[in-house]
Amino acid sequence: MNIQKTRHLTYLTMLSALAIILNIAESVYIGQIFYMVRLGLANIIALMAIRLLGKRDMLIVNCMRVIIGNLLRGMIFGSTFWISCGGVVLSSIVLILLDRTDSSLMFTSVLSAVAHSVGQVIVVMMFYAQPMVVAILPYLLLGSIPTGILTGFIAERVLKHIRPLKITKFD
Amino acid sequence: MKRREIVIILCIVLACLAGLGLMRWRAGQKKTDTILIVYHDRVVQSFDANTDGLYHVEGDYGSLDVEVKDSRWHVINEICPNHTCAKMGWKTVEDIFPIQCIPNGITIMPASWMEE
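Protein chains in written order, with my numbering: chain A, 97 to 267; chain B, 23 to 138.
Keep in mind the hints are simulated off the structure, nothing from the lab.
Built from N, CA and C at the ideal position, the CB exists for glycine as well.
There may be inaccurate statements among the hints.
What the hints assert, rightly or not - Partial list, derived from the structure: chain A residues whose beta carbon lies under 7 Å from chain B: (1) Val206; (2) Val220; (3) Leu237.
Said to hold, decoys possible - According to the in silico footprint, chain B covers these stretches of chain A (three or more CB under 8 Å from chain B): (4) 170 to 179; (5) 197 to 204.
Next up, chain A with everything else stripped away, as it sits in the complex (with noise of 0.2 Å):
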């Protein structure tokens, strides 16, 4: 049992870590695709821990990569992590919704960025009390399908090589 709770611990640390780099990589290499979109390769970490450990991990990973990641940029408790949380709470919801159906990852990918446009979207429409920033939500959704597309391929191909934890009693 207890080999069983440290493989559990270091997965779920592992791919803390690994959403945190990827976060960090990603808005300091990448950054914009094209105009405000984003990869969101952070979302491949959060498929990966949802399908691996489970919804409850899945949240400890997301709080992770959204609190450290913007701590880590200096940005915590400005805009970006207001927003980013925005989104991250929005999709997070679609992954614990979609993880009850039968949905493919790349499906659940793509409807996973999109909440987390949506997310997004609404943090600056209530909060930042800028309602015209709605114009942009059909552009970022267009945005979102690929995106989602990819990181989900990515996703579902890596878990192949991934042996799954056999315990779910933390779940």
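Following the hints, complete the assembly by docking chain B onto the known chain A.
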């Protein structure tokens, strides 16, 4: 991906394209040369898109300048952590996206959008 999932994704794509088309059509119908600089929900400055000039605005985080030249405008000298507003480049009355600086709470858009 299953057929049902592809259909859902296609529906999202069609809805987005319809939304963008509608916005472009509305922008074409209500063309105006008056551009507004809005701080949160308050208009703080306005300018004519056909008159060259430089407009300074103070925001929540810092300030920014809006340069108007040859019936186009863009953001320069922005004091903000993201610089997305400056990266948005030049805009004209034909454009369907406003320039937004979220840390400063500033939106630059045609007057007809505000009416709507």
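Tested hints:
Checking valine 206(A) against chain B: minimum C-beta separation of about 6 Å stays under 7 Å; hint holds. Here the hint on valine 220(A) is kept, as its CB sits about 6 Å from the closest CB of chain B, short of 7 Å. With 7 Å as the threshold, the beta carbon of leucine 237(A) comes within range of chain B, its nearest partner Cβ sitting at about 5 Å, so the hint holds. With 5 residues carrying a beta carbon less than 8 Å from a beta carbon of chain B, the stretch 170 to 179 of chain A meets the three-residue requirement, and the given coverage holds.
By the rule of at least three residues with a Cβ nearer than 8 Å to a Cβ of chain B, the coverage given for the stretch 197 to 204 of chain A holds, with 4 such residues.
Every hint, counting from the list given before, is met by this structure.
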